[in-house]
Amino acid sequence: MSRRERLSVNGVETVGAYTLLRLDRGTLDPGAPGQFFMLEAPGRLLPRALSLCLAPTGELAFLLDAVGPGTAALCALEPGDRIHVFGPLGNGFRLDVGRPLLVGGGIGMAPLPYLRAAIGDAPVVLGFRSDRHAEAAALLPAAEVVVDPVLVTSCIEDGYDVLACGPEPMLRAVADIAPDAQLAWEAPMACGYGACYGCAVDIGGELKRLCVEGPVLAAA
Amino acid sequence: MSKDLFLRLLNASGCLDALTAPEVARGLDGFVTKTITPLPREGNAPPRIAETAHGMLNAIGLANPGRERFLADTLPQLRELGVPLWISVGGFCAADYAETCAALEDVEAVELNLSCPNVDEAADSAAEIVAACRRATALPLYAKLSAAHPDVAEVARAVAAAGADGLSLVNTLRGLAIDPRTLQPVLARAQGGLSGPTLKPVALATVFACYSATKLPIVGMGGVTCAQDVVDLVACGAQDVALGTVLFSDPDAPVRIRTDLTSADLDEVFAAAYKKSAVLA
Ligand SMILES: Cc1cc2nc3c(=O)[nH]c(=O)nc-3n(C[C@H](O)[C@H](O)[C@H](O)COP(=O)(O)OP(=O)(O)OC[C@H]3O[C@@H](n4cnc5c(N)ncnc54)[C@H](O)[C@@H]3O)c2cc1C
Ligand SMILES: Cc1cc2nc3c(=O)[nH]c(=O)nc-3n(C[C@H](O)[C@H](O)[C@H](O)COP(=O)(O)O)c2cc1C
Ligand code: FES
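As they're listed, the protein sequences go chains E and R. The opening residue of the first sequence carries number 1 in our numbering; numbering runs sequentially from there. The opening residue of the second sequence carries number 1 in our numbering; numbering runs sequentially from there.
Only chain E is shown next, with the shape it has when bound in the complex (with noise of 0.2 angstroms):
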């Protein structure tokens, strides 16, 4: 059941070239993984929609690329400041699959350690764009870690059913090798709860709400 909560920030972590943005879990439930949380952005008009990066007990944990404003609010939060935090929300990824193979591209890693948690010891294929972003890959130990030029998707066997997220690019091409695929996708969302049809995305022709379809969505 999703719900909207005031949490203070535990802590505020860098991971490389990310942020891991600790919060008391207060009473939300932290949902699926591939789920999304909206979280107050200080000073800015609308939440900003986030991926479960990890739920150890008591906490909700959050990785965030500091992209644009919204993010770099979420970043500079410090131990003891409050925001208000709605979800769970959206359609996460289906955990009943045979071989899983966890895909992430950049800042998309961030709701695989908490699949991972949920799924078993599944194998995980990162792709960054620097070394100091790959930093963030400690977060899923063991993964296989590939940096540009190298492409995540060329570490794609064929029997795996890939779970993936990542920039629209990454999952087009991961959609291609794996048609079964799980993808997880993005879209510029004002609401996430299928008020503001801000997020609509072209789904099987026709524009849907990402943020009640998806964000989870099979690729073919």
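If you're looking for bench data, these hints aren't it; they were derived computationally from the structure. In this text, all values refer to a predicted model and were calculated from it rather than measured experimentally. Please note that the accuracy of each hint is not assured.
Here are the simulated distance ranges between beta carbons [stated by the list, open to error]: (1) E:Ala-76 / R:Leu-176: 24 to 34 angstroms; (2) R:Gly-163 / E:Glu-59: 52 to 62 angstroms; (3) R:Arg-69 / E:Asp-96: 51 to 61 angstroms; (4) E:Gly-205 / R:Ala-188: 14 to 24 angstroms.
Residues of chain E clear of chain R, computed beta-carbon distances all greater than 12 angstroms [what the hints assert, rightly or not]: (5) Arg-99; (6) Val-146; (7) Lys-208.
List of simulated lysine to any residue pairs, SDA-like, C-alpha gap at most 20 angstroms [claimed, not checked]: (8) E:Lys-208 / R:Ala-45; (9) R:Lys-215 / R:Ala-271; (10) E:Lys-208 / E:Asn-91; (11) E:Lys-208 / R:Ala-188; (12) E:Lys-208 / R:Gly-66; (13) R:Lys-200 / R:Cys-226; (14) E:Lys-208 / R:Ala-21; (15) R:Lys-200 / R:Asp-151; (16) R:Lys-200 / E:Ala-218; (17) R:Lys-215 / R:Ala-158; (18) R:Lys-200 / R:Pro-150; (19) E:Lys-208 / R:Pro-40; (20) E:Lys-208 / R:Gly-43; (21) E:Lys-208 / R:Glu-42; (22) R:Lys-275 / R:Arg-174; (23) E:Lys-208 / R:Arg-67; (24) E:Lys-208 / R:Arg-69; (25) R:Lys-215 / R:Ala-272; (26) E:Lys-208 / E:Glu-186; (27) E:Lys-208 / R:Leu-39; (28) E:Lys-208 / R:Pro-65; (29) R:Lys-200 / E:Glu-186; (30) E:Lys-208 / R:Leu-81; (31) E:Lys-208 / R:Asp-73; (32) E:Lys-208 / R:Ala-227; (33) R:Lys-200 / R:Ala-161; (34) E:Lys-208 / E:Ala-218; (35) R:Lys-275 / R:Arg-8; (36) E:Lys-208 / R:Arg-189; (37) E:Lys-208 / R:Leu-19; (38) R:Lys-200 / R:Leu-7; (39) R:Lys-200 / R:Arg-174; (40) R:Lys-215 / R:Glu-154.
Cβ atoms here follow ideal geometry from the backbone N, Cα and C, with glycine treated the same way.
Here the structure of chain E is known, so what remains is to put chain R with the ligands in place on it, guided by the hints.
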């Protein structure tokens, strides 16, 4: 009207889907649908939204299932919520609006969207559309106007003369945001409708002017985020108030604002504002 408040708290059209968020809709005194057009519309290409300083732009483009599917599928499901229903009606000529009005019955009110900035304007004037709808239905008709008109009070007088029972004020204003990296418009359609706190002074001025001009019941909206914003709109002449953009960041806003409005200290301020609007010249 709810027993505990002097006014009805509604959502602004296009800012809530009662079927995906029924618990939010149940916190309102009425649910206003997204604008329904005669034919289905997918809406505009993404990106459709952008944040601005103290506001946001949207160019959703009246995405809706169209009149037939709305009447057959959506409306029966909405009725099950048990929340009074306001149907927002749109179109491209007076006959479009009137035909939808004629097909509606047993709803609280009809809101005629005469002011969407994201589609090309209807060819007929606001008063012509209201007059055609008046002939088509006995349901309460609220005309939703934009503050962009140079003399919105004049439009308000014209729709009042054409038979409108009330006004919904205000719709969004046209705006544009530039992506700092590309120096291109953020929205695929370039322009969109500006909403949120940045719109509030415009909403207050418009409600004030149209109430003075017509004395019609007004659903006030534009940038409401808290109980004080509701009081301010009522002080300008609004009878009811709708919540739009605030619902995106705070789905609990209806409950929060209702609680604050009924709290002891605000009660008096609110009663005073309400009396004042009743005597506004
Ligand atoms: C379901 C979902 C889960 C997400 N999970 C994470 C996560 O775990 N960690 C994380 O760091 N980010 C995540 N994101 C992306 C994050 O929400 C955006 O980066 C953030 O909203 C950008 O806000 P900003 O103000 O910092 O930057 P803005 O100024 O809004 O944007 C900076 C740049 O990013 C682009 N952009 C903005 N929002 C999006 C978006 N949603 N998708 C694609 N491009 C966008 C803009 O066009 C612009 O070029 C997720 C997005 C979604 C929809
Ligand atoms: C995403 C979005 C979609 C909207 N869609 C509609 C619509 O379909 N019909 C309509 O009459 N107004 C629509 N509006 C305008 C709102 O109903 C309201 O008039 C406006 O947003 C001002 O209120 P606010 O500042 O509280 O959001 C929309 C506004 C937003 C932000
Ligand atoms: S983010 Fe608002 S409808 Fe999906």
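Here is what the structure says about each hint:
1. Look at E:Ala-76 against R:Leu-176: about 28 angstroms separates their beta carbons, and that is inside 24 to 34 angstroms.
2. Look at R:Gly-163 against E:Glu-59: about 59 angstroms separates their beta carbons, and that is inside 52 to 62 angstroms.
3. R:Arg-69 and E:Asp-96 have their C-beta atoms about 33 angstroms apart, which leaves the hinted 51 to 61 angstroms range violated.
4. A C-beta distance of roughly 18 angstroms is found between E:Gly-205 and R:Ala-188, which places it inside the suggested range of 14 to 24 angstroms.
5. In this structure E:Arg-99 is separated from chain R by more than 12 angstroms, as the shortest Cβ-Cβ distance comes to about 34 angstroms.
6. Residue-level check passed: E:Val-146 sits 26 angstroms from the nearest beta carbon of chain R, beyond 12 angstroms.
7. Not every beta carbon of chain R lies more than 12 angstroms from that of E:Lys-208, the smallest distance being close to 10 angstroms; the non-interface claim is violated.
8. As the CA atoms of E:Lys-208 and R:Ala-45 are separated by approximately 11 angstroms, the hinted pair is consistent with the 20 angstroms bound.
9. Proximity of R:Lys-215 to R:Ala-271 is assessed by CA-CA distance (about 18 angstroms); at most 20 angstroms being required, the pair is judged to hold.
10. Between E:Lys-208 and E:Asn-91 the CA atoms are separated by roughly 14 angstroms; this keeps the pair inside 20 angstroms, and the hint holds.
11. This hinted pair checks out: E:Lys-208 and R:Ala-188 have alpha carbons roughly 16 angstroms apart, not beyond 20 angstroms.
12. The hinted pair formed by E:Lys-208 and R:Gly-66 meets the criterion: a straight-line CA distance of about 15 angstroms does not exceed 20 angstroms.
13. Using a Cα cut-off of 20 angstroms, the hinted pair R:Lys-200 and R:Cys-226 holds, with the two alpha carbons roughly 12 angstroms apart.
14. For the hint linking E:Lys-208 to R:Ala-21, the alpha-carbon distance of about 16 angstroms falls within 20 angstroms, and the restraint holds.
15. For a cut-off of 20 angstroms, the pair hint linking R:Lys-200 to R:Asp-151 stands: about 18 angstroms separates their Cα positions.
16. Between R:Lys-200 and E:Ala-218 the CA atoms are separated by roughly 42 angstroms; this puts the pair beyond 20 angstroms, and the hint is violated.
17. Restraint check for R:Lys-215 and R:Ala-158: the C-alpha separation of about 13 angstroms stays at or below 20 angstroms, so the hint holds.
18. In summary, the hint linking R:Lys-200 to R:Pro-150 is supported, as the alpha carbons are separated by about 18 angstroms, within the 20 angstroms threshold.
19. Distance restraint check for E:Lys-208 and R:Pro-40: the Cα-Cα separation of roughly 13 angstroms lies within the 20 angstroms cut-off, and the hinted pair is therefore satisfied.
20. A hinted pair counts as satisfied when its Cα atoms are at most 20 angstroms apart, and E:Lys-208 with R:Gly-43 qualifies at roughly 10 angstroms.
21. Restraint check: the Cα-Cα separation between E:Lys-208 and R:Glu-42 comes to about 9 angstroms, which is no more than 20 angstroms; the hinted pair holds.
22. The suggested pairing of R:Lys-275 with R:Arg-174 is violated, with an alpha-carbon distance near 34 angstroms, which exceeds 20 angstroms.
23. Restraint check: the Cα-Cα separation between E:Lys-208 and R:Arg-67 comes to about 19 angstroms, which is no more than 20 angstroms; the hinted pair holds.
24. Simply put, E:Lys-208 and R:Arg-69 have alpha-carbon atoms about 16 angstroms apart, close enough for the 20 angstroms limit, and the pair holds.
25. Only pairs whose Cα atoms come within 20 angstroms are accepted, and R:Lys-215 paired with R:Ala-272 is accepted, the gap being roughly 18 angstroms.
26. Only pairs whose Cα atoms come within 20 angstroms are accepted, and E:Lys-208 paired with E:Glu-186 is accepted, the gap being roughly 13 angstroms.
27. Straight-line distance between C-alpha atoms of E:Lys-208 and R:Leu-39 comes to about 17 angstroms, which keeps the hinted pair within the 20 angstroms bound.
28. For the given pair, E:Lys-208 sits about 12 angstroms from R:Pro-65 by alpha-carbon distance, which is consistent with the 20 angstroms threshold.
29. Only pairs whose Cα atoms come within 20 angstroms are accepted, and R:Lys-200 paired with E:Glu-186 is rejected, the gap being roughly 31 angstroms.
30. As the CA atoms of E:Lys-208 and R:Leu-81 are separated by approximately 23 angstroms, the hinted pair breaks the 20 angstroms bound.
31. A C-alpha spacing of about 17 angstroms is found between E:Lys-208 and R:Asp-73, which places the hinted pair at or below 20 angstroms, so the restraint holds.
32. At most 20 angstroms may separate the alpha-carbon atoms for a hinted pair to count; E:Lys-208 and R:Ala-227 exceed this at roughly 34 angstroms.
33. Annotation: proposed proximity of R:Lys-200 to R:Ala-161 is violated, straight-line Cα distance about 27 angstroms (limit 20 angstroms).
34. About 14 angstroms separates the Cα atoms of E:Lys-208 and E:Ala-218, which keeps this hinted pair within 20 angstroms; it holds.
35. Note on R:Lys-275 and R:Arg-8: the hinted pairing holds, with a Cα-Cα distance of about 16 angstroms set against a maximum of 20 angstroms.
36. Proposed proximity of E:Lys-208 and R:Arg-189 is supported: the alpha carbons are some 18 angstroms apart, at most 20 angstroms.
37. Taking the CA atoms of E:Lys-208 and R:Leu-19, the gap is about 15 angstroms. The hint holds against a cut of 20 angstroms.
38. Using a Cα cut-off of 20 angstroms, the hinted pair R:Lys-200 and R:Leu-7 holds, with the two alpha carbons roughly 19 angstroms apart.
39. Among the hinted pairs, R:Lys-200 with R:Arg-174 is consistent with the structure: their alpha-carbon atoms are about 15 angstroms apart, no more than 20 angstroms.
40. With a CA separation close to 13 angstroms, the supplied pair R:Lys-215 and R:Glu-154 stays within the 20 angstroms bound.
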